[in-house]
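K.L.:
Okay, here's what each chain looks like letter by letter:
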Amino acid sequence: MTRRAATFVLLLAALSLAAPLLAPYDAGLGFRDFLHAPPMRPHLQGFGAPVVHPIVLADRLEQRFESDPTRTLPLPWFGGSTDQPVFLLGADNFGRDVLSRLLYGARTSVGLALLATVGAVLIGALAGAWAGLRGGWVDDVVMRVADFVLILPVIYVVLVLRSVLPLVLPASTVFLLVTWIFVAVGWPFVAKGVRAIVAAERDREYVQAARSLGAGPGRILIHHLIPACSGHLVVQATLLLPGFILGEATLSFVGLGFPDPVASWGTMLAEAGNYNAVARFPWTLTPAVAIFAIVLATNLIASTHQDRS
Amino acid sequence: MGWRWWSGQQQPADSGTEIVFSDVSTRGGVLTSSLRSEPRTFNRWVNRDFATDLISQLTQSKLVRVNRATQDVEPALAETWTVSPDNRTFTLTLREAAWSDGTPFTSADVLFSFQAIYDPKANSVLASSLLVGGRPLAVTAPDTRTVVITYPGAFGPGIAMLDNLTLAPKHKLEAALAAGTFPQAWGVATPLTELVSLGPFVLTRYEPGQRVIFDRNPRYWKKDAAGGALPYLDQLVLEVVPDQNAELVRLQSGQIDMLQQQVRPEDIATLRPLVDQGKLQLLELGVSTDPDLFFFNLRPAKWASDPRGSWMSRKEFRQAISHGVDREAFANTVFLGAGVPIWGPVTPGNQKWFSPNLTRYGFSLDKAKALLAGLGLANRDADEWLEDEQGTEARFTLLTYRGNSSLERGSAVLREYLRPLGIAVDVVAIEQGALIERMLKGDFDAIAFFFSSSNLDPAMSADFWLSSGSGHIWNIGQATPATAWEKQIDDLMHQMMASVDHAERKRLFDQVQNIFAENLPALYFVAPRMYISASARVGSISPTILRPQVLWAADTITVRTPASTGQGGR
Amino acid sequence: MGRYLLRRLGFAVLLVVVASSASLLLTQLAPGDITSEQALALDPAARARLRAELGLDRPLAAQYLSWLGGVARLDFGRSLLYSRPVNSLLGERALNTAVLAVAALIVATAIGLPFGVYSGSRSRGLGRSVVRGLSIVALSVPPLIGSLALVFLAARTGWLPVGGMTSAAGMDASWARWLGDLARHMPIPVLALALPLAATLERLQSQAIEKAVREPFVAASRARGLGHAQAIIRHAWPVSLRSVLGLYGVMIGSLFSGSFVVEVVTSWPGLGRLMYDALKARDLYLVAGCAASGAFFLAAGTWIADALLALADPRVRSQEAP
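Protein chains in written order, with this note's numbering: chain P, 1 to 309; chain D, 1 to 570; chain C, 1 to 322.
These aren't lab readings, by the way, just hints derived from the structure by calculation. Being a predicted model, the structure only gives us computed values, none of them experimental. Think of the CB as a built atom: it goes at the ideal place given N, C-alpha and C, for glycine as much as any other residue. The reader is advised that the hints may include incorrect statements.
A few chain C residues that face chain D, going by a derived Cβ cut-off under 8 Å, partial list only [unchecked claim]:
no.	residue
1	GLN38
2	ALA39
3	PRO44
4	ALA48
5	ARG51
6	TYR82
7	GLY164
8	ARG177
Label pairs and their computed distance ranges (CB to CB) [claimed, not checked]:
no.	chain 1	residue 1	chain 2	residue 2	range
9	C	GLY69	D	GLY102	44 to 50 Å
10	C	LYS280	D	ALA226	19 to 25 Å
11	D	LYS487	C	ALA41	21 to 27 Å
Take the sequences, apply the hints, and build the full model.
P.N.:
The structure is reproduced here in structure tokens:
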């Protein structure tokens, strides 16, 4: 099971890195006559490559399409033109290919969330473990700082931040900013949990043994206490990851979003937010399925790793 | 007279819009509508947001009313009036009427209303809409049923201007005005018995964050054609539903009878099955009169230091953009085809003032490219964008805000259309408050925006047209007009506002529109068609384009069964 | 013990003051102010006058000090948006959100912890995978869509009211009827808040139990003859609670900020929505007041969680108080 999960993750990483080659269309390319077009199912016709039936707009206001069984189109990797698009996962409300945006968005969203998660876990673990080990006023200060970060409405901070930044932000800047904001917002969760564990573990025999052998606090932290929290850290990571992917969309409401052609799963889902639209066009929820798959895979890998430790 | 036909039969408007009017006149029942934002105060004199205005419209009456559907002036609390030969003095005879607490309504209330509105300490938002040439109206009350109003100069809209006047009860608010606490009066914590009404309903319960409930006003002055008492409804409930999607769900499930405002084009398909089943009605109101606009910063100070100033401040640039956009395709993408191409701020929905013969810069890539070349823009390097003679790229920032889907989509479509022309547009969505600040400070290149107006007579939105106006968004509040064409518009508008002959006013305003269409300080592409939806149990509605589309005539609405529906029952 | 309590109280007060001050400052720094929305219709002189009346033209330090003076008397000033004292606004809304948050926390705990114990105490099995899968689904669905789905479900089935906190007729009725009405309105928003939280708790508890089960004293208890389930519940579980309870305070705090989406979609008149409206309108004092409430609840939540932890885990009790 784990091997499959690990392979899945690697596959996904490969896919997302190869997105520019694999994605049939540009992430920002909208086909004006195909808003909310449904997915086109590939069929095998004879011995050739799979083909799809093109769809035709039946009612623009109702966004209804009909499949034309008399004609066929090749899949986009095997030829095909841009005025007859092929949507394997349907199109969004701008007529953009969901599959392409999913692939491109993987790099943005998962990359961002992964980096932020690693950062938050690292900083949180160090801060929480140190607070738990030292106790006393260090513990108080660290925990109160964590509380303060938690209670401060991030939205306001981002709003003010956005107003002092230049208007046009390149995608890379947004990426870095959002990553840092997520790290800053995420570490208190990790720190609190780790501190609670460490506060109990610090009086256990192995720690005392290490101390009596002359280990300094740093060594005790890194070699004994933090590894003792590894299971908890892994769970925290799997909790933070989807939160960060989705959280990116919230930030875009206060102006810190990726500029338009850049696809991100959070924004794709936010655009699908109209429930009635989701009921009629369920393919717009594909990023949620992708998020689920990634988190599940990470969970699986993590739990078996834990079993071994 | 105008008002009688509201309760009887009526001829459909000739624009082809469907106005549903059933002959049901059952009395009683409860109507539940949604309300998307909460009232911040019940004081209409200091606040103009939608909820406050709606509550005011439901609970108050005016001296005269501009019928939202026909744009004609109807008598209301002023039963009759005479106009002096110079069109400046109006003598109104007031009807016998009383406030909901029994106190008689007299000319003293009218005097007091004006006094409060013009008092600088009261900070009234209504003041600017009751000025002529920047000067207040002179109001006297020779007796308890007569009011004489003298305008400082002739004013085109004439007595229709009094539709902006919300009457204030002297006996309730006089003390607050004297004490200087008028702006704080009638706040949301006020005991509801203080909020007396002259209109069809009385506010009887307010549950903050949840709902506002109105009961019929037994002392309402208006009667229907048969002399029966109005309103027909016993109770009207406004349910606070901040989320548009949740609002729609409530309508579908029958928990509310109608939506606060129009249905979005993308939601029509969701409601169609229910319409087919006969549970809902879907009505087309016509073309919206508040289209989205894309305007540029035309302040001279902005371009003086900007390297793009030599071409970006020129009208040829904006004309080229207009040539670059295929308005039909724009309507298809942004409004799902439910829109008409427009070329200026006045849309076909504004029948009295629309001019079909404006200069148009229609879809033509060749013309667009020619204009841009004429400005000295050419592709001088390897990328796809144009540069001017100094090498500055043809790139500008278009600001908009999240949450308004037609603006977001429109901005994206505009960017797409300008790309083949070689113009790069950076669409940046910032928070709404931040956007408005930048607009006021003049710190922007271009903005995609949306205004909502309450009156179709351009003289009432002088702030937009006049260069000195606070709503003259491309260059707000100029001391003297910065350009010759703005001066031309100023002169024409002043003439148009001072004339009382509609044909003459229209002629002048057509010229204004043409100057606007040629200089294009703001670009207009498509005006959406408006639809509203209501439960099938709602009858006798008189829907119009201007908001509130249905509740403006709440006194004649009926509901089929007086029984309770879900939460709204009694 | 007393000194410890005092210190915690002191820190809590400090947190409230610092959090609300920071929010006040940030709102001041954000572009625009309360008059921005109306500014397009006001001429600059009128706008300046309005700002002066609201006290916005005073220097920043003066505004802050006068506000702070009020806070010392527990008076958070006057809302610029609603022209009412902030205290009364907060009182109503914070209570509404508290009701929701507490209910959501209870439901989430009742679902999350038992399922977490179940899935963590088994090393394999269908049940475990199903629980884990469901949790991850709950974590992957954006809160907006989840809330809307629940609202839609309520509308479709017609069992429960689709939003709001009470019915229109609610206020006149007797206490019992009112409570019943409230109880009918609560399930949708409570579930919308509780399900993602339950999933979080399940994941945390599951991992914690997995680790605790391997502790030597659990094996010892089994050796003494305790059954598998008993061993887990009496020995492994209290120990596993440490990392879970450590986060309870945090979760209460996040319930308040996360409740915004749920409150908007289900029209629940709560603090989350109030704070958002205050932010949009740049109502300084209301923003600061809301931040103060949030800080208060976070502090209270953390305190309760620490108390529960001391109760549950004997090892913590014997140490110097955390």
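K.L.:
Take the hints in turn and mark each one as holding or not.
P.N.:
Evaluation of the provided hints:
The interface hint given for GLN38 (chain C) holds, since its Cβ lies 7 Å from the closest Cβ of chain D, which is under the 8 Å cut-off. Of the supplied interface hints, the one on ALA39 (chain C) holds, with its beta-carbon coming within about 6 Å of a beta-carbon of chain D, less than 8 Å. Evaluation of the PRO44 (chain C) hint against chain D yields a held restraint, the C-beta minimum of about 7 Å falling below 8 Å. For ALA48 (chain C), the interface hint is violated, since its Cβ never comes within 8 Å of a Cβ in chain D; the closest pair sits about 12 Å apart.
Against a cut-off of 8 Å between C-beta atoms, the interface hint on ARG51 (chain C) is violated, since the closest Cβ of chain D lies about 11 Å away. Hint status for TYR82 (chain C) relative to chain D: holds, with the closest Cβ pair at about 5 Å, below 8 Å. For GLY164 (chain C), the interface hint holds, the least distance from its beta-carbon to any beta-carbon of chain D being 5 Å, beneath 8 Å. A hinted interface residue such as ARG177 (chain C) counts as satisfied when its beta carbon comes closer than 8 Å to some beta carbon of chain D; here the least separation is about 14 Å, so the hint is violated.
Checked against the hint of 44 to 50 Å, the pair GLY69 (chain C) and GLY102 (chain D) passes, with Cβ atoms roughly 46 Å apart. Checked against the given bound of 19 to 25 Å, the beta carbons of LYS280 (chain C) and ALA226 (chain D), roughly 48 Å apart, lie outside it. Separated by about 24 Å at the C-beta atoms, LYS487 (chain D) and ALA41 (chain C) satisfy the suggested range of 21 to 27 Å.
Consistency note: the structure conflicts with the earlier hints numbered 4, 5, 8 and 10.
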